[in-house]
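S.K.: Residues per chain, in single letters:
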Amino acid sequence: MDEEKSINDIPPEILERILSYLNDPKDLFNCRLVQNLWKKLIGPLLEEKLHAITTKWNLTEFNSSEPLIPSLWLKYDVYQSQGPHCQQLFCPKSILHHRGNPFPSNSLHLGVTLNEGRSFYAHGRQIENVHSFFGKFGHHLTCLVLDGYSTSPLTFAKLLSKVPFLKSLSLPGLFLKVPKGEIFYKKNCVLPSLPQLTHLRLIEYGRSIVNDKLTIKFVLWILESYSKQLVGLSVEGVIFAFEEQQNLKAFKTECKFGKLKELKINPINKCFLNLLNGADLTHIMVTRENICNITTEEMLNSIENFSKSLIYLRLPTLLTNFEEKSSVKFTSLKSLSINNPSDQNLVSVMKMCVLPKFVALEKLEFICNGKCKSKIARGMQKAEYWMVCPTLQQVSAYIDLEENCSCIKNDGKSRVVWRANSSC
Amino acid sequence: MALVRVISSDGAAFLVSQRLAKRSGKLKTEIETFRKSSDNSEAQPEIRIVTIRAEILRLVLQWLQQHQNDPVLPANQNEQDGRGDAEMGQSQWDRDFLAPMDLGIVMELILAANHLEVKGLLDITCKLVESKITGRTVDEIRTAFKLKSDFKGNEEEQTRLENRWCVEN
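So the sequence lines, in the order shown, correspond to chains A and B.
According to UniProt numbering, the first sequence is numbered sequentially starting from 1.
According to UniProt numbering, the second sequence is numbered sequentially starting from 1.
Worth flagging that the hints you see were computed from the coordinates, not collected in a lab.
Hints may contain errors.
Derived EDC-like pairs (lysine to aspartate or glutamate); straight-line CA-CA distance at most 16 angstroms [said to hold, decoys possible]:
hint, chain 1, residue 1, chain 2, residue 2
1, B, 127, A, 27
2, A, 39, B, 139
3, B, 127, A, 13
4, A, 40, B, 156
5, A, 49, A, 24
6, A, 357, A, 304
7, A, 39, B, 157
8, B, 28, B, 46
9, A, 93, B, 157
Residues from chain A that keep clear of chain B, each with C-beta distances beyond 12 angstroms, as calculated [claimed, not checked]:
hint, residue
10, 136
11, 148
12, 164
13, 221
14, 222
15, 264
16, 271
Positions of the beta carbon are idealized from the N, C-alpha and C atoms, including for glycine.
Let's have the full structure, built from the sequences with the hints guiding it.
M.R.: Below is the structure:
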């Protein structure tokens, strides 16, 4: 009889399959330490999971901290004893001494709180700038989150040239700072080509001045440089609430978002959506709270251009002052999500206005906080949705992702299924 | 009812219906090959599986028997929008079926399910192994699977340092 079989006897592709079932990042990182083969197999799996986190925006925004991504904060500490201007950066030695990629994956979340343009020291070695910091491992990176980065166009272009294989770039809290003497002209400053870049997130925390013309120009410049290759785009922050103005006109003619499929936008802005005309968007998410008090009607009107191609739509809280005027119907939309449906008139708004526009809707879901749980459950059992929308197959409520409740169409009767991961 | 003889590496023969056997991709191909090469359409095919011993083959056939009326699932059925129900398809029967097995048997079953192309069985056995990894420390995993570290020099320490960027933040 053969010897007892062990995990060493199974082919690597099956071990990979086993490891791919792991969900907790802790387990994935642990497995890197078991054996060389395990470490080798985990690499691509981590890559896949991280890429999904930064490019698929369906539900992951609940875990906005992106716990899997290696994260590092570069910050100055001022040493008073060495004079008021002597600043030292705490950059861990393991990064400076690593011969390859110091991180367990090709993704990096880098927080930056330094003054661009000033050189810094790390463990006695001088590193000139944030972009030269990427020197040794930049070409390993495929996913980069640059947090709170204040930059000038020139240094931003230099930084991107250090990370030529990026697939996704997120810029939360991007902050434009043009040093004295540097004038921002699009013509003398070109962003490097990043041939693999397909996903871009521009998130502005509202620190810059609203409608600050230079910042808008800067943001549009980034968009313009990569517009033809982007598949997913996320633009969030008041900066995107801009109105039609001079620099948009030039932008329109140079920008073609031919490949764009997924858009995450907040606040929704007709002017910005007009720039995307011609793209066959399949997913639109309008996230979080409705910060500009746009009515549901206005929201729907501004996405009418995509009514033929749209498959998934997510809207924030519905507002009640809805008067149906447009007759455009969304013929491909299969899935509709509503954030925080706290409005008391939800059922009537849904019934009277929203559902008649979505003639092919199969899945309706509510994403809400615990407070409206019982109301949603009651609402879901009502027959109204099913009556208005004959194609509807499923109504679900997600409560902070912890538990969910689904109502599935079953021979004309609805059946409610509660599923809870937490105690309830 | 058309039958087929399936013979294990240690010579034990199992007589099963062709309908049941065809739920294994490998056996299906073998039966079809036999049909083409045989003049007599009534002849009973005989398939020798040289890599699987009787005890394991019996388990595979037992699992197939239990699941003979399951719909054949498309390969990526659970992967739609990342919210697929991972427990789907794992019945109480499956759990009872796997419960008494030690890891050695499970590994053999994985190899057999892979060789015979029985996706459902491969899924549940792989998930069982995964459950032995979840929540364990590196040492516990190595002990459970009888593995030794094969890192050289400071490779392990280096890997630990790399991991720190993710785990301890």
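S.K.: Does each hint hold? Answer for all of them.
M.R.: A quick look at each hint next to the structure:
1. For the suggested pair residue 127(B) and residue 27(A), the alpha carbons sit about 14 angstroms apart, so the restraint of at most 16 angstroms is met.
2. At roughly 15 angstroms between alpha-carbon atoms, residue 39(A) and residue 139(B) fall within 16 angstroms of each other, so this suggested pair holds.
3. Of the supplied pair hints, the one linking residue 127(B) and residue 13(A) holds, its CA atoms being roughly 14 angstroms apart against a limit of 16 angstroms.
4. For the hint pairing residue 40(A) with residue 156(B), the CA-to-CA distance comes to about 13 angstroms; that is within 16 angstroms, so the pair holds.
5. Distance check on the hinted pair: residue 49(A) and residue 24(A) sit about 11 angstroms apart at the alpha-carbon level, within 16 angstroms; holds.
6. Between residue 357(A) and residue 304(A), the direct Cα distance comes to roughly 11 angstroms. Compliance with the 16 angstroms bound is thereby established for this hinted pair.
7. The hinted pair formed by residue 39(A) and residue 157(B) meets the criterion: a straight-line CA distance of about 13 angstroms does not exceed 16 angstroms.
8. Simply put, residue 28(B) and residue 46(B) have alpha-carbon atoms about 12 angstroms apart, close enough for the 16 angstroms limit, and the pair holds.
9. Using a Cα cut-off of 16 angstroms, the hinted pair residue 93(A) and residue 157(B) holds, with the two alpha carbons roughly 14 angstroms apart.
10. Chain B leaves residue 136(A) outside its interface by the beta-carbon criterion, the shortest separation being 14 angstroms against a cut-off of 12 angstroms.
11. Against the 12 angstroms criterion, residue 148(A) stays outside the reach of chain B, whose nearest CB is about 16 angstroms from its own CB.
12. Against chain B, the non-interface label of residue 164(A) holds: every CB pair exceeds 12 angstroms, the least being about 22 angstroms.
13. Every beta carbon of chain B lies more than 12 angstroms from that of residue 221(A), the smallest distance being close to 32 angstroms; the non-interface claim holds.
14. Here residue 222(A) stays apart from chain B, with its beta-carbon at least about 27 angstroms from theirs, past the 12 angstroms limit.
15. The beta carbon of residue 264(A) sits about 15 angstroms from the closest Cβ of chain B, which is more than 12 angstroms, so the claim that it is off the interface holds.
16. Remark: the non-interface label on residue 271(A) is consistent with the geometry, its nearest Cβ contact in chain B lying 31 angstroms away (cut-off 12 angstroms).
Every hint from the earlier list agrees with this structure, and none is contradicted.
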